[in-house]
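Visitor: Given next are the chains, with one letter for each unit.
4 protein chains.
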Amino acid sequence: MAITGILRVGLIQFRVLDFEQSLVHYRDRIGLNEVGKIDEDRIMLKGYDEFDHHSVVLRRADRPGLDFIAFKADSREKVQDVLRRTREEFGYTIEELNDQPGYGTIYLVNVSTGHKVGVYSDVALAEKTPMIHNPHIWDEQPRGFGATHFDHALLYGPNAAETVRWFTDVMGLAITEELQNAERTGNICTWLSASTRGHDVAVLEFPEPGKLHHVSFHLQTWDDVGRAADIMARYGITIDAGPMRHGITRGQTIYFFDPSGNRNETFAGGYEFFPDNPRRYWDAERAGEGVFYYNKALNSTFLSVYS
Amino acid sequence: MAITGILRVGLIQFRVLDFEQSLVHYRDRIGLNEVGKIDEDRIMLKGYDEFDHHSVVLRRADRPGLDFIAFKADSREKVQDVLRRTREEFGYTIEELNDQPGYGTIYLVNVSTGHKVGVYSDVALAEKTPMIHNPHIWDEQPRGFGATHFDHALLYGPNAAETVRWFTDVMGLAITEELQNAERTGNICTWLSASTRGHDVAVLEFPEPGKLHHVSFHLQTWDDVGRAADIMARYGITIDAGPMRHGITRGQTIYFFDPSGNRNETFAGGYEFFPDNPRRYWDAERAGEGVFYYNKALNSTFLSVYS
Amino acid sequence: MAITGILRVGLIQFRVLDFEQSLVHYRDRIGLNEVGKIDEDRIMLKGYDEFDHHSVVLRRADRPGLDFIAFKADSREKVQDVLRRTREEFGYTIEELNDQPGYGTIYLVNVSTGHKVGVYSDVALAEKTPMIHNPHIWDEQPRGFGATHFDHALLYGPNAAETVRWFTDVMGLAITEELQNAERTGNICTWLSASTRGHDVAVLEFPEPGKLHHVSFHLQTWDDVGRAADIMARYGITIDAGPMRHGITRGQTIYFFDPSGNRNETFAGGYEFFPDNPRRYWDAERAGEGVFYYNKALNSTFLSVYS
Amino acid sequence: MAITGILRVGLIQFRVLDFEQSLVHYRDRIGLNEVGKIDEDRIMLKGYDEFDHHSVVLRRADRPGLDFIAFKADSREKVQDVLRRTREEFGYTIEELNDQPGYGTIYLVNVSTGHKVGVYSDVALAEKTPMIHNPHIWDEQPRGFGATHFDHALLYGPNAAETVRWFTDVMGLAITEELQNAERTGNICTWLSASTRGHDVAVLEFPEPGKLHHVSFHLQTWDDVGRAADIMARYGITIDAGPMRHGITRGQTIYFFDPSGNRNETFAGGYEFFPDNPRRYWDAERAGEGVFYYNKALNSTFLSVYS
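Protein chains in written order, with this note's numbering: chain D, 1 to 307; chain A, 308 to 614; chain U, 615 to 921; chain L, 922 to 1228.
Chain D with its partners taken away, still in its complex shape (with noise of 0.2 Å):
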């Protein structure tokens, strides 16, 4: 196979305060379909797109923020070459997760920034995968934003070389882009690709570890964040930013805030990643263009709004 190893972000596990309204604005305003329940405080969802069981979990508790984001090996032996190098190159506590629904165990790294990545290789089909034999584009029309997946992840903590490190060299993703500091030794932030997308995961270098930035969803073309915007101004929904394109990964985007307090993005566009790229880099004082390509000015909730 072409792509081997870790093949994508396929699962994330993140807090909420709150089903009834969560429900609303994942189900039914982003478009996830709801699969079921974990326990009494955990809600299993995917996109419309996705093969796999679930792909996020809500988990409601008391203050918002990140759980575990976790990523799909194409074999245990992959899983369990990570989990050796994790130990004797960077010396990672891992924890072994085995309640999720459809999944065998996933293994949770506890890497420099503060965050539980996890990896794992076995996972069931979910009951309703997109159509496989003379396939519609999709069984029931999608709703709302028509999210298609879960697509990526912006974590924030501390000593984020260092997971970046172990990203490319243990779990071996690709950098896409680097926004490097002005002292031009080190990154403010880093893009990480396990497959052609332009990110599956970044990393920002932050005092505060295991925070998360936001949790993105795909959309299809400019014309669905457009709709998608749409829809969050009819309904309420607290937008932050956008629509507008990040300059780094060209993505078209909004960020905007679920119910508890959590940044989401509507992500589409992008270009194709292959790991032969040149890497494009940014420097320090064009980070505004990167992040908001359209104003070219980060706004004032980046850095301090996250959970």
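Everything labelled a hint here was simulated from the structure, so no lab data went into it.
Worth double-checking, as some hints may not be accurate.
[Claimed, not checked] Which residues of chain D face chain L? A few of them, derived with a C-beta cut under 10 Å, are:
hint	residue
1	99
2	226
3	227
4	238
5	239
6	241
7	242
8	293
[Unchecked claim] Rough simulated footprint, nothing fancy, chain D against chain L, three-plus residues with beta-carbon under 8 Å:
hint	segment
9	1102 to 1110
10	1161 to 1167
[What the hints assert, rightly or not] Computed list of chain U residues with no C-beta within reach of chain D, every gap over 12 Å:
hint	residue
11	631
12	634
13	673
14	697
15	724
16	726
17	755
18	825
19	838
20	874
21	916
22	919
Glycine included, each C-beta is placed from N, C-alpha and C at the ideal position.
With the hints as your guide, set chains A, U and L onto chain D.
Guide: Just chains A, U and L now, with coordinates in the frame of chain D:
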């Protein structure tokens, strides 16, 4: 790296009857950039969003048709591995091609369908690549349809099953979709991907060897497909079918002809393929819907016109 | 007021064979809102972006086809003026229709092509109009294709030139485009507008009286046209032609059939017409391009299938 | 004719500091066609989809700002009627302008807000109009944003209510929307239409007379708005706000600045207005949402930056 081995179809050389009209077509309408001449009879072109030296060669000849397509490998080792296994397992003859500017040796394999399929690892960056340092989404506003890159080709020839097996077993491509014959003893057509594309190449069982059904260029959205159709209509480009969607690959598409009689395609949309996705398959009697998702019937030229 | 007299085509009543399938088609797919029943055999519908009580009536009957279309006048004086001049200058019979809920009297004129064309000035606002006070762009996210309103119809019948003259001289519509016959002695088809639309109605010379070629519903963009095509393909709606563009009116369009055999159209794009614009005209031999701008040839059903 | 009297805003003359940069901006980026020079200090432009001789005049001066806007009437009688009633009912002074190539006399009325608002009926067709005989949708592929026509302007000045009354009572425009002041004693801003557009002109109550908030050019879709934003970002055009949607008029828009400091707008979408539609109205405290539908708050420049 998560994407390894064969990365993508990266180069195609085909024949045109005339340069003047062909340049109007490929450069001014489709929007490829002219890279330069190899010799009196060959012109190099590339999409504005491609990094490699060139991706399309038009060779002046007295009849249209395909010279070869070629795939980029991530290493010389992968190329050697392909060559060794090709000789050992398939016994195909292999030619060396050393006169493509910017390219190291391209090894052309004579596969069972009568096509020459190349593999190479060494290619220089284009003089004008996409921007890398504080990059804009493009350096100059794209022309014509604004095609980003050469995307894929559909090949017609005999013994397609064997060529498909060579693509999967030796080249490492994945089958994304297949159109099964009525007897379910094999495929009428098979779609193969090196990465997350719906396909880099498709192979259709056909009595005549070495035929080209179409060369496809990538557009970004359905809106771009519509704009391309307007340009075709305005400038007298003959449309074969579309704008429409394929059921197979979900691509949004127009089939049209270059001034020499080669079928072209503009292609947008489609899904993001992963090698752990179940293979999609189509019944022979649903072929119409697979190719012409909206009209649900093959048009009369689909099997009868090729180059 | 700058727009005076006849404002727009505002109401159409046509026949369907069955209500259940028709409602799935017109309400769930095209996205019209169900307003209610007039009686056992008539259902009222309207586009979500229309203010008037209803704009479409489906009448249950044993064969498809048109009952009438009707135009909104800005005053009773205009209606009376139309009626007087119709009697005096054309001698057409006029019927009064008084049973459309929300509507005052609709006067149906029996024009030369064998159609009933109504005129009225009094109509109540719908119970659910577009929002007016701090309005959102829509109150509920549109369903299906998201059609905004009934847009126009194409009528087939004899003595078209006379009906066209009635539309211009008595009703005050402007001819926006004409397809001239080969002898240049008259028009094969004429497009007429009451406002800035490319047309509210078109009239094609045809031996059979009172025929309906298509009823058209307005979409906002080419992207909406593509989404409509996807929905048609998914739910088995028969597409006659498109997605495509008309040369005449520049509309972006799909012709398709309702379950009873009436041809529908989705229509987006087109230009903004003003009465001081020169009249656009087409030669008979360019009719193919005028209707099917991309394929440049009328399909076999264009003149042979109607209701 | 159903559209009578004042047809549309058809001409605007405003000041720029420099021709070279202004032509790059208005011709190459916005995509207007250069019609020619009136004299050393005035250049004529028009949208590719406009029939009249020209619609935009850039006058070289030492500060930006509006010279005049002017409306096309369908007859000299309408012009005379406007002039007579202006003198009798409003007592405004009227100037004659006779040096615009292709135009007959333009009568400039000095309205209460301190603007010159012209009216004219005689104007020659442009040398290069949209095609009329077997027309293509455009003759040459549009440049830059592909703006079709000058669409509307927003005027800032004192005694806005009186100017609005002149527009409705004398000119015959319809009020489409109004933003009422907090005391509900009048409007902060009023939107006026001569035809089915959401507005040809809007007037905002403001202490300084004769000010221009923005000149707007029409694009066809949200997709065009996004492409325009990309071009602005690439070529360093300063974006004031957007891409976004207005709640008022539903327009899809970007506010940006020309090199001289005049605010421009690209405008797509919006509804089809008819004079029998109920008037939409907005509460003062919802002004943010009315203008910036997505972000729901006026930005700091909206009231403070004008020319």
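Visitor: None of the hints should be skipped; say for each whether it holds.
Guide: Structure-based check of each hint:
no., hint, verdict
1, 99, "violated (40 Å)"
2, 226, "holds (4 Å)"
3, 227, "holds (9 Å)"
4, 238, "holds (8 Å)"
5, 239, "holds (5 Å)"
6, 241, "holds (8 Å)"
7, 242, "holds (8 Å)"
8, 293, "holds (5 Å)"
9, 1102 to 1110, "violated (count 0)"
10, 1161 to 1167, "holds (count 4)"
11, 631, "holds (25 Å)"
12, 634, "holds (19 Å)"
13, 673, "holds (28 Å)"
14, 697, "holds (43 Å)"
15, 724, "holds (42 Å)"
16, 726, "holds (43 Å)"
17, 755, "violated (6 Å)"
18, 825, "holds (33 Å)"
19, 838, "violated (9 Å)"
20, 874, "holds (23 Å)"
21, 916, "holds (28 Å)"
22, 919, "holds (26 Å)"
When the structure is compared with the earlier hints, violations turn up for hints 1, 9, 17 and 19 and for no others.
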